[in-house]
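Numbering (my numbering), first residue to last: 36 to 678.
By construction, these hints were calculated from the structure, which means they are not laboratory data. Warning: the hint list may mix true and false statements.
[Unchecked claim] In silico lysine-lysine, DSSO-like type, Cα no more than 30 Å apart, as pairs:
id	residue 1	residue 2
1	K529	K267
2	K565	K462
3	K316	K231
4	K557	K611
5	K447	K600
6	K383	K324
7	K447	K557
8	K410	K424
9	K600	K471
10	K231	K257
11	K462	K561
12	K424	K529
13	K533	K611
14	K646	K561
15	K248	K231
16	K439	K471
17	K646	K383
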Amino acid sequence: MLIDLSAVLKLRKVHSLNLNVYLPRTSFHSVSAIWRTVQSRKNVAFDPSGNTSKEPAAFDPSGTTSKEPTLAIDATSPPEDFTDQYWNYLRGRHVESDIEKDDSVVSVDLWDFAGQHLYYASHPIFFSSRAVYLLVCNLSKPLNATAQPCARQGIHDVFLENPNGETNLENLLSWLVTVHSITQTREETVESTDKKLPYLRPPVFIVGTHADKPFEDAAVMKSQIERRISGKEYVRQVIRPFFSIDNTRGHSQPSTGQENTDMPRNDGIEALRNKIMEVLKQEPYMGEKIPIKWLNFERVIEALVAERIYHINLEQLQRYAREECFIVDEYEFTTMVNFYHDIGLIIKHCSTVVLKAQWLIDLFKQLITIPPFHKTDPVNSKYWLEVEKTGVLSMELVDHVFNKFIQQGLIKKDILDMMERFGLIAKFSPSPTDVKYFVPAQLKSSPESLCDVAPSYHDPCPMYVHFLVGFVPHGLFLQLVSRAISWCSETGAKQSPKLYLNGAWFVIGRQVIHNLILICKKSCIKIVLKLRNQDEAISLSTSVDAEVARSVRLFVEDTLQDLSKELPYLNGLRYKLCVTCPYCLQEGHECANHSQPSCSHEDCLHFLEMKPGERLICEETFSDEVLTVRGLEKWFPQITSQV
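Assemble the whole structure, with the sequences as input and the hints as a guide.
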């Protein structure tokens with residue numbers, strides 16, 4: 036038997052970096068008021084200041100036990116809500132659920148994401164395609180001004196770095212690109228009408244706050260945003276029109292229709308609320324039906340959490356589903372787990388399933404938030420400084436930071452393994468007795484000397500991972516660096532890497548040593564491979580040098596493919612491996628961004644895709660001259676170095 040699952044959605048609000056780093060309380064309440072009377076299934080918000088919107092009960096965070104608990108679940112007794120619906124059905128009162136009817140309830144989760152790079156590592160874990168996103172920007176700040184990111188630690192605002200000089204508008208667009216990465220490869224259709232949706236999922240609302248004091252006319256600012264996104268692939272996700280919220284005005288109560296008499300009426304809130312409901316009615320998951328036995332799975336989760344088990348291996352969870360819920364089919368189990376991950380009941384990452392999001396947030400914030408000086412213990416302050424400057428996580432700091440979790444039964448190794456699986460830390464182990472952990476999210480910008488490193492005459496040319504949507508998706512570079520640390524360790528590297536906010540420097544090889552440098556720009560990741568001892572270049576065979584370059588290229592390709600499979604928010608990842616076009620640099624075309632001829636800024640370069648066995652052709656210039664890209668053949672030995 037099937038029952039009607041009342042329209043369940045996850046409403047997520049994403050802050051654009053620096054456009055609205057911390058939405059003022061009046062504005063946040065205005066947006067939240069859209070759902071004031073809506074019954075919330077749960078409401079867990081990640082507050083980067085270290086506080087959370089709902090205090091967890093006292094618990095033992097151990098997610099692994101030597102003996103599995105016996106769950107007190109009576110699978111033969113149907114849930115109370117089902118019993119009520121069943122008796123109504125017998126009385127002839129059964130009707131199909133309709134989200135437009137007054138007795139229908141939309142159950143909502145509100146997830147508030149901070150927009151700073153500091154939190155990029157944790158964001159992808161909570162992203163879902165079954166969501167509506169609000170991208171919030173501050174209209175009181177000029178769109179084309181360089182962004183000034185900051186994060187709150189306690190009551191203080193700590194200013195962060197902006198290594199690539201992104202503007203407020205570019206930060207807004209970069210968030211739009213990140214949400215666009217969640218898009219499924221195929222276009223979603225509404226089954227009931229068999230027609231395509233008028234937008235690409237997941238839908239995104241662009242909401243401007245501080246409309247009472249915009250930097251310039253709000254209509255002009257909206258027009259600037261429209262021009263920048265027009266023609267882009269991700270524009271199909273943006274719901275029209277853009278919305279403006281006046282922070283000085285109030286709102287009406289959805290349940291009573293009565294206005295808040297303390298402030299003038301805010302028509303922007305009302306219009307936004309109505310438009311969100313209009314879009315929700317078109318979402319294919321609204322009114323979705325699920326098998327009754329899935330509800331017993333919810334009871335399994337509740338029982339495990341009641342036993343203070345907050346994370347579990349996927350195989351263990353499947354055993355519970357088989358024994359307690361009678362779900363024996365592999366496909367049904369996978370479908371069910373993905374469903375509950377999408378609506379936020381659980382968080383699945385690879386083979387680990389977190390049963391309580393608040394527990395995971397509490398775990399993450401221990402490392403993501405560096406305490407201010409006056410709140411650090413004198414003994415441990417040097418370890419926090421080491422994390423901030425080098426990204427190295429000392430075991431002394433692990434013992435201190437996770438003391439609460441360790442005392443309550445969670446093993447330190449389990450904590451480190453879980454955070455490594457989620458990409459929050461990376462392990463570098465040149466030997467079994469020499470193990471270091473890094474926290475890439477806490478790093479500073481790369482020095483100019485590292486960004487300016489260029490290959491020599493004998494080295495491969497720089498290779499670029501160029502992202503076709505115009506921005507590197509948030510969190511991707513941190514994931515790439517984390518996996519590069521492990522890869523270098525596995526390939527025999529002995530020297531610890533040097534890590535930065537937008538760059539990383541690795542020393543790879545044993546007898547023949549190379550510098551491997553990764554630099555993250557706005558729209559691309561630059562990869563430089565440089566022989567450390569250039570005196571060896573003369574005697575070094577081309578095949579050996581090319582094999583090193585080939586192994587690096589394969590690592591990058593394999594890692595990006597793995598990330599697009601493992602992280603749902605990167606399902607739509609689109610990129611090309613490229614080299615810079617020598618023709619455009621020679622032609623001296625003027626750069627539109629900097630008004631400079633032959634601009635060498637990486638984000639202004641024209642790239643040519645590297646394809647095995649094919650000549651590289653520039654379609655932007657007309658020339659009979661044949662130019663050489665020196666060192667290209669070392670990335671792809673079978674490719675000619677001529678274009």
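Evaluated hints:
{"no.": "1", "hint": "K529 to K267", "verdict": "44 Å, violated"}
{"no.": "2", "hint": "K565 to K462", "verdict": "24 Å, holds"}
{"no.": "3", "hint": "K316 to K231", "verdict": "14 Å, holds"}
{"no.": "4", "hint": "K557 to K611", "verdict": "15 Å, holds"}
{"no.": "5", "hint": "K447 to K600", "verdict": "29 Å, holds"}
{"no.": "6", "hint": "K383 to K324", "verdict": "22 Å, holds"}
{"no.": "7", "hint": "K447 to K557", "verdict": "37 Å, violated"}
{"no.": "8", "hint": "K410 to K424", "verdict": "18 Å, holds"}
{"no.": "9", "hint": "K600 to K471", "verdict": "27 Å, holds"}
{"no.": "10", "hint": "K231 to K257", "verdict": "27 Å, holds"}
{"no.": "11", "hint": "K462 to K561", "verdict": "23 Å, holds"}
{"no.": "12", "hint": "K424 to K529", "verdict": "21 Å, holds"}
{"no.": "13", "hint": "K533 to K611", "verdict": "26 Å, holds"}
{"no.": "14", "hint": "K646 to K561", "verdict": "18 Å, holds"}
{"no.": "15", "hint": "K248 to K231", "verdict": "39 Å, violated"}
{"no.": "16", "hint": "K439 to K471", "verdict": "22 Å, holds"}
{"no.": "17", "hint": "K646 to K383", "verdict": "36 Å, violated"}
Going through the hint list in order, the structure does not satisfy hints 1, 7, 15, 17.
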